[in-house]
Each structure stands twice: as C-alpha cells, then as structure tokens.
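Enquirer: Residue numbers (this note's numbering), protein chains in the order written: chain A, 1 to 509; chain B, 1001 to 1130.
Derived from the structure by calculation, the hints contain no laboratory data. This one's a predicted model, so the numbers in the text were calculated from it and none came from an experiment. You may find that some hints are simply not true.
[Claimed, not checked] Listed below are the simulated PhoX-like cross-link pairs for lysine-lysine, each with C-alpha atoms no more than 25 Å apart in a straight line:
1. B/K1118 / A/K165
2. A/K492 / A/K443
3. A/K165 / B/K1063
4. A/K443 / A/K142
5. A/K431 / A/K443
6. A/K165 / B/K1119
7. A/K397 / A/K465
8. A/K486 / A/K474
9. A/K50 / B/K1098
10. A/K178 / A/K50
11. A/K154 / B/K1119
12. B/K1119 / B/K1063
13. A/K142 / A/K465
14. A/K473 / A/K373
15. A/K474 / A/K397
[To be verified] Partial list, derived from the structure: chain A residues whose beta carbon lies under 10 Å from chain B:
16. L44
17. P167
18. P171
19. K178
20. N403
21. N407
22. G411
Quick reminder that beta carbons are idealized off the backbone N, C-alpha and C, glycines included.
The lines below spell out each chain.
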Amino acid sequence: MRSPLTTSVVALVLLAAAGGAAAQTPPCQGRACVDQKWQALHQLAVDQLKVLELTRVTSVPADLTTEDAVQARNRATTGASIIAAVDAVEPDDSSAAATVRRLAGAIKTNPEGTEAGLVIAPFALAGCDVLPGLELTFAALKADLTRIGVSYTKNASPELGEVWKTPAACPTEARIKKLERPRNFYVNACTAVVAEAPETIGEGSGLAESERAAYGSRMAQARMACGFVSTADAGTGRTLPEAIALVRRAVEIINIVGARTDRVIPRPVVDRALGLAPEATALTNWTLASGTSCYEPEDIRGYFRQLYWRVRTWKVAGSVSFDLFPRTYGFSPDDSQLPRGEVKSNEARLGFSTARAGTEFGAGVGVGRSRDKLNDELRAHISPSVSIARAFSLIGKSPLTTNGELNALDGEMPPRLVVGLSAAIQVAVNKRESQDTRFNSVKIQPHLDFLVSETLSFRLGIPIKAEIVVRAKKDAQPETATTPAKPAVVEKRALQWTVPVAIVAVLKL
Amino acid sequence: MAPKKKNKKNKKQKKETAGPLAPLLTVEGPTDTLELTLAWEGGHAALASLTDNGDAVDFGHSKGAGEAGLVLRWRSPDAALHVLQWDLWFQGTRTDLKATATVNDGGGFENPVGADSKKDRWNASGTAEE
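Next comes chain B alone, as it looks inside the complex (with noise of 0.2 Å):
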C-alpha cells in the first residue's frame, strides 16, 4: 500500500514542460520521469538505441557510454505503461547484466530484466509502470 501512496504524490508531480526545448524536442502535455539504470560487468559498454514506447532517447556519447553501468534519466509523453527497449553494444563479453528502471522515482519493471552473459549486445526490453 506504501508504494501505492508514493506513486500518487508523483502523479501530482507531473509537469507541462512545452517551452524551454528546441521545437523538435518538445515533449507536450503531461510528462513521465523516467529513470533506466543498466549494470554490468566486463568493461566499457555504449548505447546504441534506447526507445520509451516507441520513442527515441538520445543521450550522445558523453552519457550513453559507460564502464560499469548506466543510470539514464529523462521525461517522455505521460503513460500507463513504459515499454523501455535499449541495445548496448561493445566489444567481447559482459557478464552479470542487469536493469531497473523506475517512473516518476517509483514503481519498476513489470518483470526483472536481467543476462547473466551477453556477447557483442544486450538488446533487451521491459515493461516499467508506477
């Protein structure tokens, strides 16, 4: 129930946030936050694609890049569900993979996502809601 309660205080959190982005990037309407943290083992690794229900996610190099883990956070169009696909790519094996992701600081995957090894890429998906 305590969990319940937190989600709706962030539901209230929501904000209009047309305006200040340039006009491609304008997310209208109420907005979601979402948080994506991908661990890992084994070394550098790099996100080639990250996609919220659909919608691409750049974060460039500087962010999208990382040794050991990734905590990627960013707002998109207000959702029941959040159906979160990213592809890491990097060079040779990474071990011990693992994803969580929370909305509006809250909630998670609807199932864990997770490889104990992957070579070359993880390309993986979850559902996340509040």
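Pulled out of the complex, with its shape left as it was, chain A reads as follows (with noise of 0.2 Å):
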C-alpha cells in the first residue's frame, strides 16, 4: 500500500510533466500534420473567398475612418449594383453633330458634302496621347472647291474615378475548385522536401553567412507553412497564398544550396526539389482567384458601356474651316478676273451633345461668310443648328435595356433602333436687296438608323431642304421681226424647297 507522502510525489511529478507539456509542445512532424495544415489553409480560403462575394474586407486601407469603412463595406455588400459608358446612340449627320461626333477614328474618308477627301486626327494617328480630338480636313467639293479645316472635341464625360463602381464578385463554387491546383505540390514539397532538409546549414558548408542566414530563415517559414511547429508559432504560412509561395521558396534555395554544395542536404532530398522545381516555378505568384476573374475581356467592354450608360456625357467642339476657290491660270474669255485660290467661304462653329441613357440632344451655332462668285462680296451668316436622337430595342429577344441597365452582348450594344430628328439652317446677316428671305437654307431630316451592329447600320430618313436659287435680272428687250418685246425682269432670291418622294435609305458598313 502507498504511503500518503508517495502518492503526493507521484502527484506533484504527473503535475509537473504535465505542466511541462503545456509549456512546451512537441513540434508536429509526418503527414497528418501537412494534412491538417492544408485543411486549416483550404478551409480559410474558401472562407476568404466568400468573404470576398459577400464581402467581408480584411485588410483595409491605412487612412479609412470608421465612417469610411462601413461604406466600404457596404460598397463591396452592394457591389452587384452595375451602372456605366456608352455614347448613347448612333452620332447625329447634322452639321451640329457632325463636328462634335469626329472624336473616333484616326482617318475618315468622304467627310460630308464633298466629293473627295479626309481627316485626319494627327495626334492620334502617331499613337500620341495629346490631344486626341484635334482633326485635320482636307476635301475635294465640287467644281474645283477646296476645303482646309481644323477641329477640336473634347469629351467632357465624368470621369472613370466619378462613375467606378465594384464590378460584382465572381460566383465563389468555381473559385473554390481551384484552391486545390496547388496541393499535389504543397503536400510533396512539405512531406519529401521541407521536412527532410536540414533546418540550418553549418559553416562547413562554405556558403556566406547571409546565405546561411536566407536558408534558416526561410526553411523556418516553410516549416511553419507546412504545419511543423506548434501552434503558437503558426502565425507564418496563415493564408494559402502565403503558404504556397514560402514552401516553394523553400524548394528553391534547396535546389539553389543543393547545386552549390555537396551533401550539406542530403541528395535524395535534393533530387526531389529538383523534380518540383518545375511546378514551383509555375506557381510563382499563385493566389486565390480573384473576385473578377471571371469576367472576359468582352465582358469589361459592357461593363464600361453600362458604367456610362446612365451617366450624362458630353462632348464639345469647336471647328473653323474654309472653302476656297482653284487656281486658275491662262486666257480668259470675257477678260474676268481668274480665281487665285481666294475664300470662297469660311466658317466657324461651336457645338456640344450631351447623352444619357439612350437620348441624345446635340446643338450648335455657327458663324461665318460666304459668296455665289469671285466678283461677288463676302456676306455674313450665322448658322444654328440642332438634333435630338433615341435608342429603343431593334429586337425583342435582345433588348436594349432590363430594369433600366444596358444589356450589353459580347461588349456591344444590342441592335436597336434610333429615332432622330436633325435640323440646320443658315441665316443671313446682310441679305441681298434681291432676297426676299433671310434664310439661306434650311435642312430638316427626321430618320430612322437601324444599327444591326457596330459595323452595319441603315438609314431611313427624309432630307427636306430649302435652298436659295436665283432668277436672274434681265434687261428689257424691244419688239423685234421675230421675237415680241420682254419686260425687264429684276433679280430675285428665294427659297426652293426639295422633299423626296421616297424614303432615302443609305447603307453604312
């Protein structure tokens, strides 16, 4: 029978082993310790991922408030809300429109109303970034006309920084099956590499003590990554990023130590780093997959055309140009003057379009001087001109918008159906005595654009327009032999006014 002082000793001596191993835990070694780690890693990451949709933000940024944060988190909650950046239908051909709408494209052919010619966005043609809306035009008109001009545009749109909203987070199921790409490598480099290599390198080994230094450090973060310490210790290697990236770190010194050394590792160890150094250099940067990364290139193109779809966006411009006689030389019949590239015309305008959810109003005011003939003088004009255009949905099984959003396909706009009407007329400042008008023209067209897609577009519209024409003056003529006597007829200016009988219909590819 045991006394009661021996079995106090024997109580005091489990007390003391015990609380030994409180102190002390053994560090975890073998495969069930890998295991458990890439369960703990593999169970935060999916946690991380559906914090990510859902969204709980861990890391945040260095100067938020209170107040900021929670509206981060709230944005990121709300981040499915989409809205975005879309010219909001096809540009209007007014001549309001017409200026402001050269923003695109680096070289138009066949600018309206000429026969012949371009323009040309110089800047933007030798791939510069300034002043992208500055255009050139050069143009062949009829009878012999040349026309120079200049134009700017300036897309006075709210910024992306004003607009930005956080595209919604991928659906996580997806996601989630990727985390385990880098398993097979992790639990081989931690159960064959890691755990086998030696913890430090000696001096025997002939390495610099800062290399010495990077592969203790190093082998000690992989050991942590791999789950082979306590668990007090286990703040390295929390996250499956981290893990992956310190554990192939770990590979890689062990090949860089191991080509450079003789058996300080022992050479089956290094012969199995060897054969994971392919997979570990693929795993170079491998995280989780990130919350957009299921959204294709053509979907970040919608997602910009949704983001500008609801906000106002404007563009302004402002043009000058000139129409100018040829150069003629040598005889002349009737002894007039020869034209010697004198103005025949010239022009400067001020427009802007404003768009926002399909509708788009454009106007523009212009102001200039022209003339019929070289002999004739140079008369003001002031030239105001206005359009309004909008978007419906052209097909029913592809509509336009749902709740108000753009549906955008593949990154375009749907087919859809513009609606517009564009009007310009030109007014005279010092008309003629002869001209019984102060208009010197008028242009109205209500049109239909059918634009199938961003390559393809019909036109149904009915040009109306009003041009001045001239009766000439004619001195009276007395009764001869054979022909009566003509009063004289005065000199008269009017207004003509043309309506095609049929739909005008123009294909543009």
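Could you use the hints to bring the two separately framed chains together as a complex?
Expert: Here it is as structure tokens:
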C-alpha cells in the first residue's frame, strides 16, 4: 500500500510532467501534420472567397476612418449593382453634331458634302495621347473648290473615378475548385523536401553567412507553412497564398544550395526538390482566383458601356473651315478675273452633344461669310443647328435595356433602333436686297437608324431641304421682227424646297 | 545590409489595430503596412479587385481609379510574405505598366511586375516581402 507521502510525490511528478507538456508543445511532424495544415489553409481560403463575395474586407486602407470603413463594406456588399459608358445613340449627321462626332477614328474618308477627302487626327494617328480630339480636314468639293479645316472635340464626360462601381464578385464555387491546384505540390514539397531538409546549414558548407541565414529563414518559414510547428508559432503561413509561396521558396533555395554544395542537404532531398522545381516555377505568384477572374475581355468592355449608360456624357467641339476657289491660269475669254485660291466661304462653329440612357441631344452654332461668285462680296451668316435622337430595342429577344440597365452583348451594344430629328438653318446677317427671306438654307431630316451592329447600320430618312435659287436679272427687250417685246426682269432670290418622294436608305458598313 | 536594419526598425513599428474600425473590418493582431504603386500610360483605369494573401482590399471608386497611376496603402495581418493580386480595368489599351510594392516602407516585390502593353485589363500578381 502506497503511503500518503508517496502518493503526493507521484502527483507532483505527474503535475510537473503535465505542466511541462503544456509549456512546450512538441513540433508536429509527418504527413498528418501537413494534411491538417492543408485543411486549415483550405478552409480559410474558402472562407476568404466567400467573404470576398459577401464582402468582409479584412485588409483595410491605411487611412480609413470608421465611417469610411463601413462605407467600404457596404459598397462591397452591394457590389452587384452595375452602372456605366457609351454614346447613347449613333451620332447624328446634322451639321451641329457632325463636328462633335469626329472623336472616333483617326482617319475618315469622304467628309460630309465632299467629292473626296479625308479627316485626319494627326496625334491619334501617331499614337500620341496629346490632343486626341484634334482633326484636320482636307477635301475636294464640287467645282474644284478645296476645303481645309481644323476641329477639336473635347470629351467632357465624367471621369472614370466618378462613375466607377466595383464589379460584382464572381461566383465562389468555381473558384473554390481552383484551390486544389497547388495541393499536390504542397503536400509533396512539405513531406518529401521541407520535412527532410536540414533546418540550418553549418559553416562547413562553404556558403556565406548571409546565404546560410537566408536558408535558415526560408526553411523556418516553410516549416511553419507546412504545419511543422507548435500552434503558438503558426502565425507565418496563415493563408494559402502565403503558405504556397513560402514552400515554393524553400524548394527554390534547396535547389540553389544543393547545386552549390556537396551533401550539405541529403542527395534524395535535393533530387526531390529538383523534381518539384517546374511546378514551383509554375506556382510563382499563385494566389486565390480573384473576385473578378470570371470576367472576360468582352464582359469588361460591356461593363464600361453599362457604367456610362446611366450617367450624362458630354462632348463639346469647335471648328474652323475654309472653302477656297481654285487657282486658275491662262486665257480668260471675257477678260474676267481668274480665281487665285481666294476664300469662297468660311465658318467657325461651336457645338455640343449630351447623351444619357439612350437619349442624345446636340446643338451648335456657326458664324461665317460666303459668296456665290468670285466677284461677289462676302456676306455674313449665322447657322444654328439642333439634333435629338432616342434609342429603342430593335429585336425583342435582345432588349436594349433590362430594368433600366444596358444589356451589353459580348461587350457591344445590342441591335437598336434610333429615332431622330436633325435640323440646321443658315440665316443671312446682311441679306441681298433681291433676297426675300433671311434664310439662306434650311435642312430638316427625320430619320430612323437601324444599328444592327457596330459595323452595319441603315438609315431611313427624309431629307427636306430648302436652298436659295436665283432668278437672274434681265433687261427689257424691244420688239423685233421675229420676237415680241420682253419686259425687264428683276433679280430675285428665294427659297426652293425639295422633298423626296421616296425614303432614302443609306447602308453604312 | 542597410535595408535589413531598416526592416528591423519597421518591424518594431507594427501595431495592434483593433478598436477604431468597424467590427467586420477590424484587423486583429500585428499588422503590416503595404503600399502598392501601379503606373501606366494611356488614360484612365480603375481597380476592379485587389487582394493581399487572399484578403480583399477595397478602395472604392474615389481612390481606386486614376489617369496614369494609383498609390494604394493599407494595413493587413502580419505575414512573412504578401501575395498581392490586382485586376485593373480600362477601355482600350494601356502601355508601360509597372507595379512596385513596399511592406512597412521597405522591401518590395520578389520579381519585377510589369508589362509593355495590356488590353482591357491588367490582371497580375506579385509576392512582396520586407
């Protein structure tokens, strides 16, 4: 029978043993530890992906206040709401909008109303970001006239930072499956390399102290990442991306040390590390599939279109153009003055267009001077213009919008019908006495644009035009033997209206 | 050797950050302060996502968009390595894209991160350490 004293001593020994065990947990070793650590890392990664979707943000901007932080969380939580950027409709062909619409495209051929010509955006053509809206026009008009001009279009729409919304996070299921990718590498590297390699290298290896220190540091970090440590030290390698990177770096440094030393690291370990090198390289910078990894390039393009769809966009433009007579040399049958490149007309214009959610409005005004013939005087005019257009769904199966949000198809606008009206007038400032109206010209065009795709569109329009026509002055003619007397005819200038009997269809490719 | 001394100094500056932030956003325990600089040419771009060791970092639209670059600074749980992944979205093409990072004002990316040209997005990652 044991004495009370013996019992007390035994109890004390047991307590001491238990206390020692609590203070110094032996390092975990073997495959079971690696599997356990992998499970923990995997579970945390799954939680991270789910959090990313919900969204709990665990890393916070350094200067966030509490209020900012809550807003950041709310923003992330409601990230599914998408708003965004496009020209609402195909720009209008009225003269007001014509200048404004020149933003796109470095070169355009056949500017409006010309026989042949081109519009060049010189800086855009050179791939330079400076003055992308600057364009130069060179064109040949009827009757050998030449047009030269310069225009600048400024996109005054809200900047991206003002309209940007964080895109909705991708579904987590597919991203969770991708977490398995580094598993084999992790398990093999931990069990066959990290667990077997020496934790430190002695001076006898011939390596410099800094190299030995780097080895020791990487191995210690890798052992933690593999789960070969007590729980108290498990801060390093907390997350799967970090753990994979740490194990990868351990494999890399073992390969380096193995190549430069002889038997400092056991040969089988070096061989196994060498075998894992390609996979380690492939996993450089491996991390969890991002919350936007499911977005394809066309989704991104569509997202930007959506972003700007609901916000009001603006473009303003200014232009100056000259129409010049040709230079003519040689014989003049009636001794009249031959043209030497004089100005036939000039005009300075200012215009703007604004669009939001499929409705576009544009207006502009120009001032200039013009004449019909070389020996006429240049007469001033003002030419205001206006256009309005609204986009609608063209095909029922692919509506333009759903619940007010633009539907982008493969990053592009869906087929759409644009109903619009454009009008432009030219008013004489000092009209001729023979002209019975101040209007030099009137152009009105209601139109339907069928925008099937970005490269295929049709326009059905009714161009209603009015232009000044001249009844020439004629002197009175006395009666002769063969012709009766004719009274004098005074010169008269008046508008002549033209309305086509058929709708004009234009195919644009 | 000089950078190591700096890093040790920075290590001491790590602080507990629980408390002032909203519960869901609290970073408990020692933290690292990271700074990621993204630079590019060609126009505006916005950060669609940014993660640090798998954790989301959200800057919203005010600081997450820029015309030629972004400098993003945040705190995250202390780690030996920070695997940073970002997805920068833009319209068209951006050129001369470069990324640099610091951890506690020292160190940087294990390998240079950059690209001559990218279309629509720049989705890349890098491993940063002190």
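Enquirer: Compare the structure with each hint and give your call.
Expert: Hints and how they fare:
1. B/K1118 / A/K165: Between B/K1118 and A/K165 the Cα gap is close to 21 Å, so the pair holds against 25 Å.
2. A/K492 / A/K443: Distance ~21 Å between A/K492 and A/K443 Cα, so the pair holds.
3. A/K165 / B/K1063: 12 Å, holds
4. A/K443 / A/K142: 19 Å, holds
5. A/K431 / A/K443: The given pair, whose Cα atoms are some 19 Å apart, holds under the 25 Å limit.
6. A/K165 / B/K1119: 20 Å, holds
7. A/K397 / A/K465: 38 Å, violated
8. A/K486 / A/K474: 9 Å, holds
9. A/K50 / B/K1098: With a Cα-Cα distance of about 30 Å, the restraint between A/K50 and B/K1098 is violated, given a limit of 25 Å.
10. A/K178 / A/K50: Distance of about 14 Å is within 25 Å: holds.
11. A/K154 / B/K1119: 24 Å, holds
12. B/K1119 / B/K1063: Roughly 22 Å between the alpha carbons, so the hint for B/K1119 and B/K1063 holds.
13. A/K142 / A/K465: Given pair A/K142, A/K465 holds - Cα atoms ~19 Å apart, limit 25 Å.
14. A/K473 / A/K373: 16 Å, holds
15. A/K474 / A/K397: 65 Å, violated
16. L44: OK, holds: A/L44 within 10 Å of chain B, min 8 Å.
17. P167: A/P167 check passes; min Cβ-Cβ to chain B is 5 Å, inside 10 Å.
18. P171: Hint on A/P171: violated, closest Cβ of chain B at ~14 Å, above 10 Å.
19. K178: Cβ of A/K178 sits 12 Å from chain B, so the hint is violated.
20. N403: 22 Å, violated
21. N407: 18 Å, violated
22. G411: 9 Å, holds
Consistency note: the structure conflicts with the earlier hints numbered 7, 9, 15, 18, 19, 20, 21.
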